[in-house]
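For the protein sequence lines, the chains are A and B, in the order given. Letter 321 of the first sequence, counting from 1, is numbered 321 in the UniProt record's numbering, and no numbers are missing. Letter 73 of the second sequence, counting from 1, is numbered 73 in the UniProt record's numbering, and no numbers are missing.
None of these hints come from the bench; they were simulated from the model. Predicted model, so just to flag it, every value in this text is computed and none were measured. Built from N, CA and C at the ideal position, the CB exists for glycine as well. Be aware that one or more of the hints could be misleading.
A few chain A residues that face chain B, going by a derived Cβ cut-off under 7 Å, partial list only [as the list claims (entries may be wrong)]:
| # | residue |
| --- | --- |
| 1 | S33 |
| 2 | G230 |
| 3 | M322 |
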Amino acid sequence: MSLNAPPLRDVHEERGANFTEFGGWEMPVEFDSIRAEHEAVREDVGIFDVSHMGQLEISGPDGCELLDGLTSNDVARLDPGDSQYSTITAEDGTIIDDTVVYRLPDRDGDRVYLFVPNAGSDEATADRFRTHRDEWDLDATVSNETNEYGMVAVQGPEAPDAVAEAADDARTIDTLNRFEATAVPFDGVECWTARTGYTGEDGFELIFPAEESETIWGSFADTCQPCGLGARDTLRLEAGLLLSGQDFHPEENPRTPYEAGIGFTVSLDTDFVGRDALAEQHETGVTEKIVGFALEERGIARHGHEVVADDETIGTVTSGTMSPTLDRAIGLAYVPVEYADPGTEISVRVRGRTKKAKVEPIPFIDTV
Amino acid sequence: MSFEIPADRRYRESHEWASESDGQVTIGISDFAQDELGDVVFVELPEVGDAIEQDENFGVIESIKAVSDLYAPVGGEVTAINEDLFDAPELVNDDPYGEGWMLELALDDDAELDDLLDAETYEAQVA
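When you get a sec, could you build the whole thing from the sequences and use the hints?
As structure tokens, this is what we get:
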């Protein structure tokens, strides 16, 4: 399989990045050191190239109805410039993917939506939307724009200043609230600029024409630490944010939004694929749910390690790392609800050795 | 990028180094290896008194992004381990040939040192 390379591949290589394969894309995993990049985002500001994320545009008279029928949140309540975190669910209510849905300015009198599926799932998601559009006989256009757009995330407590400094009109940045987005020019390039991110910090995500990637990256080169996927993973895990394909997976680890701790993405007032199964689970409650934990002994729990309690395997670690901020080994795992309360003592089998751990509230750190 | 590869010790292809003095061998990992791993956050080592054979897996090193097994360049009885690494595993990044050493062995067989690469050959491998 040949890998997609982000438009900034050569720029990153010149800057000394190491690369990894992620969702079919060759992406920078580390520029300087994961710890240095992680600390820059927690204490100052860093920039991530996230051009591997998918971009799908839904337009036409029935675009809202289509999106509402395939995502768990309430799309209809979005005004232009609003965005929401949401999931795409299967008939049984399990998460196929998570996404952020943006409502763009109207075009030709119709609503236009952009949503951002995870790397590598853009085409399958577009197919799913087209299939349902045809089945439901809706008048909507589903356009896969992933290769047309570049995307960066500027994250950290100093992100507002860095973005305002780079923007052609700083005032627009000041007025943008969390999960609001608007078009802002940077060095003359209009970017769809949203106050969103995946690090637990204040920050912005910018979407722009792929051919302008160097201009936009260059606008932040002097003020922001370049960061790779390595730091993105430690940052999101400290913030208790899920990694698609790892903390849930439609085949290997199918989980509903309620089990995955993101029940807030489910609006049962809307009718969508998976809604009835989720309504039932909402009524009966979950039997397993995701929890945060920290090891109390030396070692690091990793994806796939078993969680043990009362001499029985009760779950599996889905994400685990050494937290650079907390200097402790933390992770996420699904466990039966009777083990889910913070403070519950569990163990994790790390390469054959059983290490004591304790359930902790997520996020592990204070986030915005 | 060029890596420090001191000529006063020998190397295993899997990037561990061995430095011998009066039958005692000190073992660690190379500058190249620590750079590849990135920020080291955990090191698991054997206990003093354990007998280790050449090429045996003697421990584990974990960085934020990766887990790697450690292999013994030579065999012998463990006479010391670097306990500082338990509290400060980053010493492996900061000083892989000095304060980031991992263990000392009482060498079983001098000839095992001959199985290892000299600095020049190892340098060619990681170039």
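Hint check results:
no. : hint : verdict
1   : S33  : holds, 5 Å
2   : G230 : holds, 5 Å
3   : M322 : holds, 4 Å
In this structure, every one of the numbered hints holds.
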